[in-house]
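Could you put together the complete structure from these sequences and hints?
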Amino acid sequence: LVAEVRVAEQNLRVTRLWLCVDVGCVVNPSGIDQQLRGGMVMGLSATVKSGLTVANGAIEQTNFDGFEILRMNEMPEISLDCVESAASPGGIGEAGVSIVAPAVANAVHAACGIRPLRLPIRSEDLQQGATT
Amino acid sequence: VTSKLTLRINGAAVDVDVDERMPLLWVLRDVLGLTGTKYGCGKALCGACTVHLDGAAIRACVTPVSAVADRNVTTIEGLQHLDAGRKLQQAWIREDVPQCGYCQSGQLLSAAALLTKNPHPSDAEIDSAMSGNLCRCGTYARIRRAIRSAADG
Chain A
1 LVAEVRVAEQ
11 NLRVTRLWLC
21 VDVGCVVNPS
31 GIDQQLRGGM
41 VMGLSATVKS
51 GLTVANGAIE
61 QTNFDGFEIL
71 RMNEMPEISL
81 DCVESAASPG
91 GIGEAGVSIV
101 APAVANAVHA
111 ACGIRPLRLP
121 IRSEDLQQGA
131 TT
Chain B
1001 VTSKLTLRIN
1011 GAAVDVDVDE
1021 RMPLLWVLRD
1031 VLGLTGTKYG
1041 CGKALCGACT
1051 VHLDGAAIRA
1061 CVTPVSAVAD
1071 RNVTTIEGLQ
1081 HLDAGRKLQQ
1091 AWIREDVPQC
1101 GYCQSGQLLS
1111 AAALLTKNPH
1121 PSDAEIDSAM
1131 SGNLCRCGTY
1141 ARIRRAIRSA
1151 ADG
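First to last, the sequence lines map onto chains A and B.
Mapping of the first sequence onto this note's numbering: position 54 corresponds to residue 54, and the numbering continues sequentially without gaps.
The number in this note's numbering is simply the position in the second sequence, starting from 1, with 1000 added.
Possibly wrong hints are sitting among the right ones.
Claimed, not checked - Keeping only pairs whose Cα atoms sit at most 20 Å apart, straight-line, the calculated DMTMM-like set for lysine to aspartate or glutamate is:
no., chain 1, residue 1, chain 2, residue 2
1, B, Lys1117, B, Asp1152
2, B, Lys1117, B, Asp1083
3, A, Lys49, A, Asp125
4, B, Lys1043, A, Glu68
5, A, Lys49, A, Glu9
6, B, Lys1004, B, Asp1017
7, B, Lys1043, A, Glu60
8, A, Lys49, B, Asp1127
9, B, Lys1004, B, Asp1015
10, A, Lys49, A, Glu4
11, B, Lys1043, A, Asp65
12, B, Lys1004, B, Asp1030
Everything labelled a hint here was simulated from the structure, so no lab data went into it.
All of these numbers come straight from a predicted model, not from anything done at the bench.
Structure, rendered in structure tokens:
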């Protein structure tokens, strides 16, 4: 997975994601596309928007006002490819989720030299000299 | 205290006897058995409960039933009565849009309100009209494609 980001005045925008997967023999191309794109949207939500905080032993966020997820107008352009393979088919559920954050964090580092070390990546973490 | 109200749901007049402050969502689901309209957040944050009120997309979870008396309400169960609704249904099938499906009634009603008002929306207009409808499965790309396809077809 490769991510393209734009960092301007501490604002992070993920503009493009390229993903290539090896799932073995492709059985259901549409299902793979759905799982991977959906996974990336969920992974990107966790990377740039959704965070949980705990106070007095309870999660503070109770609804989508405090726990935001990606909306259509925030979607990056996504390109998706499968390696051609005759190997036995493997699972593809959720494979797109966990790889988004490291890819985006690396892209942020390439863009501005800052390594975000917590999720979601917050505006204050993108300040020069910020320790996260 | 309950009141007798006449609602117009999907073209049919229906009499209900409910608390005037009851959200339209729960009248639809619990009183009338129209369970295609979904409860998501209860605070107009997610769009799962979207229905049409006189053709405009509204959030049924925050709309008191008294506000819709004698006005036209369209739910997912009446989508096929709309020209844009039929086109969207076909496009949704062509593009194989839904995954878990929970948000899709709301997505379709928001899309139908958009296409009825603006039959050939730009990508930016689609994004703007649809950004109030959350999808946890991330079907946004296919929703956008299906709306474009319905607009072209």
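Verification of the supplied hints:
At most 20 Å may separate the alpha-carbon atoms for a hinted pair to count; B/Lys1117 and B/Asp1152 meet this at roughly 15 Å. The straight-line distance between the Cα atoms of B/Lys1117 and B/Asp1083 is roughly 12 Å, inside the 20 Å bound, and the hint therefore holds. For the hint linking A/Lys49 to A/Asp125, the alpha-carbon distance of about 13 Å falls within 20 Å, and the restraint holds. Proximity of B/Lys1043 to A/Glu68 is assessed by CA-CA distance (about 13 Å); at most 20 Å being required, the pair is judged to hold.
This hinted pair checks out: A/Lys49 and A/Glu9 have alpha carbons roughly 17 Å apart, not beyond 20 Å. Distance check on the hinted pair: B/Lys1004 and B/Asp1017 sit about 4 Å apart at the alpha-carbon level, within 20 Å; holds. For a cut-off of 20 Å, the pair hint linking B/Lys1043 to A/Glu60 stands: about 17 Å separates their Cα positions. Under the criterion of a C-alpha separation no larger than 20 Å, the hint pairing A/Lys49 with B/Asp1127 is consistent with the structure, at around 18 Å.
Annotation: proposed proximity of B/Lys1004 to B/Asp1015 holds, straight-line Cα distance about 7 Å (limit 20 Å). Distance hint between A/Lys49 and A/Glu4 is fulfilled; the C-alpha atoms sit about 17 Å from each other, no more than 20 Å. Note on B/Lys1043 and A/Asp65: the hinted pairing holds, with a Cα-Cα distance of about 9 Å set against a maximum of 20 Å. Note on B/Lys1004 and B/Asp1030: the hinted pairing holds, with a Cα-Cα distance of about 16 Å set against a maximum of 20 Å.
In the structure shown, no violation is registered for any of the earlier numbered hints.
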